[in-house]
Amino acid sequence: MLESATVEIAKHARGKFLLLMTNEENAIDVAAELLALFEAELDASIEDMGWRHKGGLVVDTPTLVRLESLKIEMSTHGTEIRLSHVEGSEYEFDKLCSFIGTHESHTD
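244 is the number of the first residue of the sequence shown in the numbering used here; add one for each residue after it.
Hints were generated in silico from the structure; no laboratory data involved. Just to be clear, a hint being listed does not mean it is correct.
[Said to hold, decoys possible] Quick list of the computed label-pair ranges, beta carbon to beta carbon:
1) 288 x 334: 18 to 24 Å
2) 346 x 269: 16 to 22 Å
3) 338 x 272: 32 to 38 Å
4) 266 x 330: 27 to 33 Å
[Claimed, not checked] Pairs of lysine-lysine residues, derived as DSBU-like cross-links and limited to a Cα-Cα distance of at most 35 Å, are as follows:
5) 338 x 259
6) 259 x 314
7) 314 x 338
8) 314 x 254
9) 338 x 254
Each residue gets a CB set at the ideal place from its N, CA and C atoms; glycine is no exception.
Turn these sequences into a full structure, and let the hints steer you where they fit.
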């Protein structure tokens with residue numbers, strides 16, 4: 244599903260955070276694709292809708308995402324995308340991380 248770049252899980256601290264790495268110089272486009280995926284497949288509510296126009300995501304500034312009873316923050320820095328658990332079940336956060344893992348892309 245993530246089509247703009249190669250995306251790989253770099254680090255996952257269960258219940259705490261997920262760090263993704265991209266092969267893009269700037270991970271903002273990939274983060275926007277990930278937000279669109281959350282919205283389309285998980286009925287997510289995203290605090291700042293400017294990301295749809297690629298003007299809302301700011302480097303190092305977290306965007307709050309609500310997924311049913313789970314709240315996470317997503318931020319980017321260089322080639323990294325970080326998702327951090329804010330509120331809700333750590334188990335649900337880990338399920339979200341597994342969902343992302345099924346959508347990460349690789350180049351061979």
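| task | Just tell me: holds or violated, for the beta carbon distance of residue 338 and residue 272 against 32 to 38 Å? | result | 25 Å, violated
| message | Hint check: residue 314 vs residue 254, CA-CA at most 35 Å. Holds or violated? | response | 19 Å, holds
| Would the pair residue 259 and residue 314 pass a check requiring their Cα atoms to be no farther apart than 35 Å? | Judged against 35 Å, a Cα distance of about 12 Å means the pair holds.
| query | Is it true that the C-beta distance of residue 266 to residue 330 lies inside 27 to 33 Å, as the hint says? | reply | 32 Å, holds
| query | Is 16 to 22 Å a correct range for the gap between the Cβ atoms of residue 346 and residue 269? | reply | 20 Å, holds
| said: Between the alpha carbons of residue 314 and residue 338, is the straight-line distance 35 Å or under? | reply: 13 Å, holds
| Is the straight-line distance between the alpha-carbon of residue 338 and that of residue 254 35 Å or less? | 15 Å, holds
| CB of residue 288 to CB of residue 334, is that within 18 to 24 Å? | 20 Å, holds
| message | What's the verdict on residue 338 and residue 259, does the C-alpha distance respect the 35 Å limit or exceed it? | response | 12 Å, holds
Taken one by one, the earlier hints fail for this structure only at number 3.
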